[in-house]
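Undergrad: Okay, here's what each chain looks like letter by letter:
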Amino acid sequence: MENVQFQVIVFGGKVQIMVPDGVSFEQAEAATKNLLAQLKAQGIPVELQGRVEQHSAPGATHAHLLNEGRVNHDR
Amino acid sequence: MPCNLALSIAKATVADEHLWSLVEPRLLPLVSGFLQQTYPQYMVQTGQMGAIYLVTLGPLTFAIERGEVRVQLSGYSSTEEQQFAETISSQLSLLLEEAASRLFQDEIGLALGQLGAVARKDQSIQDEAGEIRQAAIFTVDLPQRF
Numbered sequence: 001m002e003n004v005q006f007q008v009i010v011f012g013g014k015v016q017i018m019v020p021d022g023v024s025f026e027q028a029e030a031a032t033k034n035l036l037a038q039l040k041a042q043g044i045p046v047e048l049q050g051r052v053e054q055h056s057a058p059g060a061t062h063a064h065l066l067n068e069g070r071v072n073h074d075r
Numbered sequence: 001m002p003c004n005l006a007l008s009i010a011k012a013t014v015a016d017e018h019l020w021s022l023v024e025p026r027l028l029p030l031v032s033g034f035l036q037q038t039y040p041q042y043m044v045q046t047g048q049m050g051a052i053y054l055v056t057l058g059p060l061t062f063a064i065e066r067g068e069v070r071v072q073l074s075g076y077s078s079t080e081e082q083q084f085a086e087t088i089s090s091q092l093s094l095l096l097e098e099a100a101s102r103l104f105q106d107e108i109g110l111a112l113g114q115l116g117a118v119a120r121k122d123q124s125i126q127d128e129a130g131e132i133r134q135a136a137i138f139t140v141d142l143p144q145r146f
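Quick note, the sequences are listed as chains A and B, same order.
Residue numbering for the first sequence follows our numbering, beginning at 1 and increasing consecutively.
Residue numbering for the second sequence follows our numbering, beginning at 1 and increasing consecutively.
Don't take every hint at face value.
[Said to hold, decoys possible] List of simulated lysine-lysine pairs, BS3-like, C-alpha gap at most 30 angstroms:
#1 K11/B x K121/B
#2 K40/A x K11/B
#3 K121/B x K40/A
#4 K33/A x K11/B
#5 K121/B x K33/A
Hint data in this document are derived by calculation from the structure and do not stem from the laboratory.
Just chain A, with the same shape it has in the complex (with noise of 0.2 angstroms):
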């Protein structure tokens, strides 16, 4: 079965989780909502803020996250 690679930054407490390119969006949001549930199963009560977001793709549009962390982040 395909893996999925997740980045979960974590500072304060906020969560952001992050899947590169390689899969569909669709599984990436999937995916996400799974690792979340999972982490509220080990006791984490975690809250999802807003939606996950399509963050690029080709053709898509560039939707992106104002006022958070930044890392390694190109501009």
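With chain A's structure known, arrange chain B on it following the hints.
TA: Chain B in isolation, oriented as in the chain A frame:
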């Protein structure tokens, strides 16, 4: 992963109560250790009244409740004493904030480790207020239907 390579991004948070629940069992050793190391010229005493933790440093008493630090000063405190108290109060608030962040990072790391192989890297990032914060960056590979 550079931001521009991410296909999707999700933001999640935990409530302050959860962060406090991580810090509270370690609170008094953490605070007293910090004060003893930083201000060795003063005696440090700790106590508890219900949900309020009390820390006395020389002539100053600090009350800590659910992560909030309050200083208790007599009405006759000098300006220098008030400034000193405010400085320590800020230091304690930062200490608790950083401890909560670190403990939460460890908690997430352990939880991810239950799901698959995890690599961790600690890195400074700039938060929304422009402050430099220590972030933990975990990389984890999981089956699509784990």
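Undergrad: Does each hint fit the structure? Answer for all of them.
TA: Now for the hints, and whether the structure bears them out:
For the proposed pair K11/B and K121/B, the alpha carbon gap of about 19 angstroms is at most 30 angstroms, so the pair holds. Between the alpha carbons of K40/A and K11/B the distance comes to roughly 15 angstroms, so the proposed pair stays at or under 30 angstroms and holds. With a C-alpha separation of about 23 angstroms, the suggested pairing of K121/B with K40/A holds against the 30 angstroms cut-off. Using a Cα cut-off of 30 angstroms, the hinted pair K33/A and K11/B holds, with the two alpha carbons roughly 11 angstroms apart.
Proximity of K121/B to K33/A is assessed by CA-CA distance (about 23 angstroms); at most 30 angstroms being required, the pair is judged to hold.
The structure is consistent with each of the numbered hints, conforming to all of them.
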